[in-house]
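> Heads up: the protein sequence lines correspond to chains A and B, in order. Start counting the first sequence at 19; every next residue gets the next number (the numbering used here). Start counting the second sequence at 19; every next residue gets the next number (the numbering used here).
Careful, some of the hints might be misleading.
Which copy? The list can't say, so a pair holds if one copy fits it or any two copies do.
Unchecked claim - Under the rule of at most 27 Å between Cα atoms (straight-line distance), these lysine-lysine pairs were calculated in the BS3-like manner:
#	residue 1	residue 2
1	K124	K112
2	K124	K62
3	K23	K112
4	K124	K74
5	K124	K23
6	K74	K62
7	K69	K23
8	K74	K23
These are computed hints drawn from the structure, not numbers from a lab. Predicted, not measured: the structure shown is a model, and the values here were computed from it.
Protein chains: 2
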Amino acid sequence: MQLNKFTDIGLRVLMYLSQSRFDQQVTIDEIATTFDLPRNHLIKVITRLNKLGWIKATRGRNGGLELNPESLQLRIGDILRELENTTELINCEKPMCRFHGDCLLKGALQTGLESFYAHMNQHRLFDIVNHNTREKIISMHKTHAA
Amino acid sequence: MQLNKFTDIGLRVLMYLSQSRFDQQVTIDEIATTFDLPRNHLIKVITRLNKLGWIKATRGRNGGLELNPESLQLRIGDILRELENTTELINCEKPMCRFHGDCLLKGALQTGLESFYAHMNQHRLFDIVNHNTREKIISMHKTHAA
């Protein structure tokens with residue numbers, strides 16, 4: 019059981035942008051190089067994060083990526099739930115399971131997953147960034163807001 | 019995020035054997051056909067379940083598989099923890115993540131996973147088998163023990 023690659027990349031992008039200076043644009047190539055990620059995978063994730071309004075992608079010569087400052091308040095459980103494209107921990111339909119419709123496991127797994135998300139919602143994006151870096155972010159944030 | 023195929027198959031085998039008559043041996047081919055599973059995958063899982071003592075595999079003409087009756091008391095969280103070969107929800111080392119050793123996400127995911135297993139441990143193998151079938155199992159179990 020592991021997070022989907024899509025979610026994994028999404029978290030790294032959000033964390034990377036959280037730690038970047040708010041007045042500095044980050045490029046896709048910079049992230050791809052930093053995390054050794056295939057550019058095409060990364061672009062799909064960035065498109066999604068941009069659609070969600072969690073990051074801002076600006077085209078053009080001085081363009082690049084930056085975090086929407088409000089995203090620092092995102093709860094990790096909500097991020098995971100949004101980015102994971104599987105909502106079930108087990109696939110009972112492909113191939114159709116003999117126990118389908120007559121099994122209490124799926125419901126138990128579903129409430130277990132909810133318990134996981136609820137636990138993860140105790141943490142915000144702001145919290146999981148390293149403390150020292152976070153101090154920097156706070157002071158930059160203040161400067162940015164001033 | 020989904021359970022590994024190995025765990026998925028393991029749960030189905032345990033549930034199938036839970037619902038089978040205790041005096042009737044089940045064959046590998048029967049399970050492979052019932053769940054449309056590749057025989058070689060299935061054999062790996064069965065070897066593991068046998069080593070764990072959760073099932074009994076008997077070779078020979080009248081051989082086959084049966085559940086160790088004590089396995090009905092296995093807690094689902096413990097089953098998942100034993101069969102999942104990944105202990106971490108995210109891989110921070112391949113490739114090595116820029117945040118490695120300086121990131122609070124991994125710890126948060128780990129405690130989230132513990133919360134999931136603890137939740138799943140509220141259910142036993144005995145509980146997730148369909149109630150009607152379970153009634154049958156109980157009476158069979160009594161007959162078997164008599």
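> Within a copy, between copies, both or neither: where do K69 and K23 come within 27 Å Cα-Cα?
This pair counts as within: shortest intra-copy Cα distance 19 Å, inter-copy 32 Å.
> Could you place K124 and K23 in one of the four classes (within, between, both, neither) given a Cα distance threshold of 27 Å?
both (23 Å within a copy, 15 Å between copies)
> For K74 and K23, with the copy left unspecified, which applies at a CA distance of at most 27 Å: within, between, both, or neither?
Close inside one copy (22 Å), not across copies (37 Å); limit 27 Å.
> Tell me, please, which holds for K124 and K112 at an alpha-carbon limit of 27 Å: within, between, both or neither?
Close inside one copy (14 Å), not across copies (31 Å); limit 27 Å.
> Between the shortest in-copy and the shortest cross-copy C-alpha distance, which are at most 27 Å for K124 and K62: within, between, both, or neither?
between (30 Å within a copy, 24 Å between copies)
> With identical chains treated as interchangeable, where does the CA-CA distance between K124 and K74 reach 27 Å or less: within a copy, between copies, both, or neither?
Close across copies (26 Å), not inside one copy (38 Å); limit 27 Å.
> From the Cα coordinates, with 27 Å as the cut-off, is the pair K74 and K62 best called within, between, both, or neither?
Within one copy only: 14 Å inside a chain, 48 Å across chains, cut-off 27 Å.
> What label fits K23 with K112 when the C-alpha limit is 27 Å: within, between, both, or neither?
So K23 and K112 pass the 27 Å test inside a copy (21 Å) and across (12 Å) alike.
In summary, this structure violates none of the numbered hints.
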